[in-house]
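Each chain is listed here by its residues.
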Amino acid sequence: MFNYSFRWNQAFQSLPDMLQGALVTLEVAVLSMILGIFFAILLTAFRLSGNRLLSPITTVWVEIARNTPALFQIYMAFFGLAGLGILITGWTQPNLGFAVDLRLSPYIALLAGITFNNAGYLHENFRGALKAIPDTQTRSARSLGMSAPQAFGYVLLPQMLRIAFLPMTNQFVWAILMTSLGAVISMNSDLFGVTDNLVKINFRTFEMFAIAAVIFYVMTKAVTLSARLIAARLFRY
Amino acid sequence: MIEIEKVRKSFGPLEVLKGIDLTVAKGEVLTVIGGSGSGKSTLLTCINGLEPIDSGRILVDGVEVHAKSTNLNKLREKIGIVFQQWNAFPHLTVLENVMLAPRKVLGRAKDEAEAEAVKQLKHVGLGEKLSVYPARLSGGQQQRMAIARALAMGPSYMLFDEVTSALDPMLVGEVLDTLRMLASEGMTMICVTHEMKFAREVSDRVAFFHQGIMAEIAAPEELFGAPKTAELQKFLAATH
Chain A
1 MFNYSFRWNQ AFQSLPDMLQ GALVTLEVAV LSMILGIFFA ILLTAFRLSG
51 NRLLSPITTV WVEIARNTPA LFQIYMAFFG LAGLGILITG WTQPNLGFAV
101 DLRLSPYIAL LAGITFNNAG YLHENFRGAL KAIPDTQTRS ARSLGMSAPQ
151 AFGYVLLPQM LRIAFLPMTN QFVWAILMTS LGAVISMNSD LFGVTDNLVK
201 INFRTFEMFA IAAVIFYVMT KAVTLSARLI AARLFRY
Chain B
1001 MIEIEKVRKS FGPLEVLKGI DLTVAKGEVL TVIGGSGSGK STLLTCINGL
1051 EPIDSGRILV DGVEVHAKST NLNKLREKIG IVFQQWNAFP HLTVLENVML
1101 APRKVLGRAK DEAEAEAVKQ LKHVGLGEKL SVYPARLSGG QQQRMAIARA
1151 LAMGPSYMLF DEVTSALDPM LVGEVLDTLR MLASEGMTMI CVTHEMKFAR
1201 EVSDRVAFFH QGIMAEIAAP EELFGAPKTA ELQKFLAATH
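Chains A and B, in that order, are what the protein sequence lines are. One point on numbering: in my numbering, the residue at position 87 of the first sequence is 87, and numbering is uninterrupted. Here my numbering runs 1000 ahead of the position in the second sequence, where the first position is 1.
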């Protein structure tokens, strides 16, 4: 028999803590997007360079990022590297007298995992965007004496970012939602982590997660709406 | 001086240039006419090294374009090229389009690049459009902007690849006037064109290409007045 009684007041007392957590969530998402865009541009440049060492990096990165669960990627950032860290610590210490500790804090591991995932997907956004730019743009740029990197940086890149701008907000939304995966690596300062912890104390499971869901909704909605406003201001051509 | 010696070039099984020999002197205006697929546009993109060649060589001021040791970016600074599709950079204003390469390639200071860009844009009649984005320009205006953009690099040679072919007939005149003006100023030019009247007026020499071969080359009065080959006679009859 279902005899759960709602106690919203009790749940709402946790709102300040949850909002604090929402800020951390937003912070991780924003940083993961900034870093993700940076790496995605780098991966795109690697691929376009056609270099035999660099372009496989793009292939491997993108394949893993897009074809394995984000949860796995975050796990690897936390447990995988930690395993490696312990290994390195074990074997350098006796001989060299120093330790390399690769273990990441939950915050950094979560950020690294989401960034890795973002970069893979954003690279694909960028690839589509580049296809929409006529080849003759590069030709013109090169004819004016620009080197290949200059043509990419000054002519292709700005157009690519413009075309990919709105699709990129999709990834931003996804990044915000992915922060909840931090729960599996003992991340407890983000919105989901804070909520999860408080539930263990006050047992207002439904109310607490409902409030968290609404906060998530408001954050992602704010992102998509402000992206549209920014796009309208930014791209006047 | 541009020296083209025995240049051959194929795209897969299709040989588009079958041994071209041609010299263009400083200050000369050469127009190249011929049917589609005759190799005339390919020749232009070979001269500035956008396309590799299979054999022969091209020298620009004594520098071999396709030699491994040649710095193509450096060489392209003195060879301006304008294409049929004008390729304005859509994310930059007209002024920024023209300033970009002088700033980034030649390392010019902002003021200097801007002054030069304004001068070139006024020269081609776009002095009123400096802060406009290319999407707001007509095809003819965009093409003139592309010409100004090439000129801002201070090239010694200008190559024009059917620059009026993609234009509305109403807009052809303004672009041809720009070319005439450049010719009268002594710019060394190679113009691939289908505008016979223009070719007759401005050229020092006209070359007729047919199926990858330069079938005839002569002063315009001679080439248009007394075409020697049957192909040219046929071509001229068809274009009149």
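Among these hints, one or two may not hold up.
Claimed, not checked - Here are the simulated DSBU-like pairs of lysine-lysine, each with C-alpha atoms no more than 35 Å apart in a straight line: (1) B:K1074 - B:K1228; (2) A:K131 - B:K1078; (3) B:K1074 - A:K131.
Stated by the list, open to error - Partial selection, computed: residues in chain A whose CB lies under 10 Å from chain B: (4) T136; (5) G145; (6) S147; (7) T169; (8) A210; (9) I211; (10) R233; (11) F235.
Said to hold, decoys possible - Sample of chain B residues lacking proximity to chain A, with all beta carbon distances greater than 10 Å (derived): (12) K1026; (13) L1059; (14) K1074; (15) E1077; (16) L1100; (17) E1116; (18) A1150; (19) S1165; (20) R1205; (21) A1215; (22) P1227.
Worth flagging that the hints you see were computed from the coordinates, not collected in a lab. Glycine is no exception: its CB is placed at the ideal position from the N, C-alpha and C atoms.
Evaluation of the provided hints:
Taking the CA atoms of K1074 (chain B) and K1228 (chain B), the gap is about 40 Å. The hint is violated against a cut of 35 Å. In summary, the hint linking K131 (chain A) to K1078 (chain B) is supported, as the alpha carbons are separated by about 30 Å, within the 35 Å threshold. As the CA atoms of K1074 (chain B) and K131 (chain A) are separated by approximately 28 Å, the hinted pair is consistent with the 35 Å bound. The restraint placing T136 (chain A) at the interface with chain B holds, with a minimum CB-CB distance near 5 Å, inside the 10 Å limit.
Annotation: interface hint on G145 (chain A) holds; nearest CB of chain B at approximately 4 Å, less than 10 Å. A cut of 10 Å between beta carbons decides the hint on S147 (chain A): the least distance to chain B is about 5 Å, and the hint holds. The closest approach between the C-beta of T169 (chain A) and any C-beta of chain B is roughly 19 Å, which is over the 10 Å cut-off, so the hint fails. The interface hint given for A210 (chain A) is broken, as the beta carbon of that residue sits about 44 Å from the closest beta carbon of chain B, more than 10 Å.
About 43 Å separates the beta-carbon of I211 (chain A) from the nearest beta-carbon of chain B, more than 10 Å, and the hint is not met. Against a cut-off of 10 Å between C-beta atoms, the interface hint on R233 (chain A) is violated, since the closest Cβ of chain B lies about 15 Å away. Satisfaction of the interface hint for F235 (chain A) is found here, the shortest Cβ-Cβ separation to chain B being roughly 8 Å, below the 10 Å cut-off. Separation of K1026 (chain B) from chain A is adequate, the least Cβ-Cβ distance of about 20 Å exceeding the 10 Å criterion.
The claim that L1059 (chain B) is not at the interface with chain A holds, since no C-beta of that chain comes within 10 Å of its own (minimum 19 Å). Non-interface status of K1074 (chain B) relative to chain A is broken: a Cβ of that chain comes within 10 Å, the nearest being about 7 Å off. Not every C-beta of chain A lies more than 10 Å from that of E1077 (chain B), the closest at about 4 Å, which undercuts listing it as non-interface. A cut-off of 10 Å between C-beta atoms contradicts the statement that L1100 (chain B) is not in contact with chain A; the least separation is 6 Å.
With 10 Å as the threshold on Cβ separation, the claim that E1116 (chain B) sits away from chain A holds: the shortest Cβ distance comes to roughly 14 Å. For A1150 (chain B), the non-interface assignment is contradicted: its Cβ lies about 7 Å from the closest Cβ of chain A, within the 10 Å cut-off. With a cut of 10 Å on Cβ distances, S1165 (chain B) stays outside the contact zone with chain A, its closest approach being about 14 Å. The beta carbon of R1205 (chain B) sits about 24 Å from the closest Cβ of chain A, which is more than 10 Å, so the claim that it is off the interface holds.
Even its closest Cβ contact with chain A, about 28 Å, leaves A1215 (chain B) beyond 10 Å, as expected for a residue assigned away from the interface. Look at P1227 (chain B): its CB is around 33 Å from the nearest CB on chain A, clear of 10 Å, so calling it non-interface holds up.
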